[in-house]
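> Residue numbers (the working numbering), protein chains in the order written: chain A, 1 to 156; chain B, 1 to 67.
None of these hints come from the bench; they were simulated from the model. C-beta atoms are modelled at their ideal positions from N, C-alpha and C, and glycine is treated no differently. Keep in mind that the hints are not guaranteed to be accurate.
[Claimed, not checked] Calculated pairs, DSSO-like style, for lysine-lysine (alpha carbon to alpha carbon, straight line, at most 30 Å):
hint : chain 1 : residue 1 : chain 2 : residue 2
1    : B       : Lys7      : A       : Lys2
2    : B       : Lys7      : A       : Lys4
3    : A       : Lys142    : A       : Lys30
[To be verified] Computed Cβ-Cβ distance ranges for the label pairs, DEER-style:
hint : chain 1 : residue 1 : chain 2 : residue 2 : range
4    : A       : Thr49     : B       : Thr55     : 36 to 42 Å
5    : A       : Phe114    : B       : Thr55     : 48 to 54 Å
6    : B       : Thr10     : A       : Gln143    : 15 to 21 Å
7    : B       : Asp48     : A       : Thr49     : 44 to 50 Å
8    : B       : Gln57     : A       : Asp92     : 16 to 22 Å
9    : A       : Lys2      : B       : Leu20     : 24 to 30 Å
10   : A       : Lys2      : B       : Cys40     : 30 to 36 Å
11   : A       : Arg95     : B       : Gly56     : 25 to 31 Å
12   : B       : Glu36     : A       : Glu81     : 18 to 24 Å
13   : A       : Asp9      : B       : Asp48     : 40 to 46 Å
14   : B       : Arg45     : A       : Asn82     : 24 to 30 Å
15   : A       : Leu146    : B       : Gly8      : 43 to 49 Å
16   : A       : His42     : B       : Ala12     : 39 to 45 Å
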Amino acid sequence: MKAKQGVVDFLNDILTNELTAINQYFVQAKMCENWGYERLHHKLRDLSTDEMKDAEHLVEHILYLEGVPNLQRLGTVQVGENVQEHLQLALDLERNQVSTLTQAIAHCARVEDFTTRNILEEMVRDEEGHVNWVETQLEAIKQIGLEHYLSEQLRD
Amino acid sequence: MYVCLCKGLTEADVQRLGRLGSTAPEVLITVLGLDEDDCCGRCARNIDRLVDLATGQRTRIAPKPVA
Ligand SMILES: [Fe+2]
Ligand SMILES: [Fe+2]
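Only chain A is shown next, with the shape it has when bound in the complex (with noise of 0.2 Å):
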């Protein structure tokens, strides 16, 4: 199927952001385990592979819009040096994320393409899951404090 004006631009362009995500989760998820917070180094490796699967719809649905699928762009990895900043950074790429996907979802309505609309307004809501989780994860550290925090990533 021929895709409409601009969508296969937009898919790329998430797609930047899922192959960003994989990485940048991958990295930080290694990192944490490494500092022994194994609690935090499952979840940032489970979300590592959720992008994967986002990344892995992209390209399925690229070519079947007769598209290129560019695997060679890649965004800023952004790594912190302790979890408070992974953390950060994470809710830094989750909200581009979302804000990408936005702007998408309201193009496929513009040019009437409702199947890859259907397929964003689906990875949105992963994406806000992911947000939610973030942010959930730093206000804890706000209310019980950094060590409280850590402390409790030590075990799974």
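Since the structure of chain A is already known, use the hints to place chain B with the ligands on it.
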């Protein structure tokens, strides 16, 4: 946070250079080696943020901690 993963450079590294007087974009790129082959090239494209760090215009790139 890390400002260049290719070279393993952190915000503190850039601030240290800034205090020693390296604040111009070209100087920072050369001294940090961001124009060398083993750097991806993206790090040098984010040079404005590094200049701000070196000059003390901002104290960190990572978003402010919540606490
Ligand atoms: Fe995603
Ligand atoms: Fe996400």
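> If a hint holds in the structure, say so; if it doesn't, say that too.
These are the hints, each one checked on the structure:
For the hint linking Lys7(B) to Lys2(A), the alpha-carbon distance of about 43 Å lies beyond 30 Å, and the restraint is violated. In summary, the hint linking Lys7(B) to Lys4(A) is not supported, as the alpha carbons are separated by about 42 Å, beyond the 30 Å threshold. Proposed proximity of Lys142(A) and Lys30(A) is supported: the alpha carbons are some 24 Å apart, at most 30 Å. Thr49(A) and Thr55(B) have their C-beta atoms about 41 Å apart, which keeps the hinted 36 to 42 Å range intact.
Remark: the range hint 48 to 54 Å for Phe114(A) to Thr55(B) is upheld by a beta-carbon distance near 50 Å. One distance hint, 15 to 21 Å for the beta-carbon pair Thr10(B) and Gln143(A), is violated here, with the actual separation near 29 Å. Distance hint for Asp48(B) and Thr49(A): a CB-CB separation of about 34 Å, inconsistent with the stated range 44 to 50 Å. The beta-carbon spacing between Gln57(B) and Asp92(A), approximately 19 Å, falls within the hinted interval of 16 to 22 Å.
In this structure the hint that Lys2(A) and Leu20(B) lie 24 to 30 Å apart at CB is violated, the actual value being about 58 Å. Between Lys2(A) and Cys40(B) the beta carbons are some 35 Å apart, a value that agrees with the proposed interval 30 to 36 Å. At about 27 Å, the beta-carbon gap between Arg95(A) and Gly56(B) stays in the expected band of 25 to 31 Å. For the hinted restraint 18 to 24 Å between Glu36(B) and Glu81(A), the CB-CB distance of approximately 23 Å keeps it satisfied.
For Asp9(A) and Asp48(B), the Cβ-Cβ distance of about 26 Å falls outside the hinted range of 40 to 46 Å, so the restraint is violated. The given range of 24 to 30 Å is respected by Arg45(B) and Asn82(A), whose C-beta atoms sit roughly 26 Å from each other. In this structure, Leu146(A) and Gly8(B) break the distance hint of 43 to 49 Å, their C-beta atoms being roughly 25 Å apart. Look at His42(A) against Ala12(B): about 30 Å separates their beta carbons, and that is not inside 39 to 45 Å.
This entry does not satisfy hints 1, 2, 6, 7, 9, 13, 15 and 16, going by the numbered hints stated previously.
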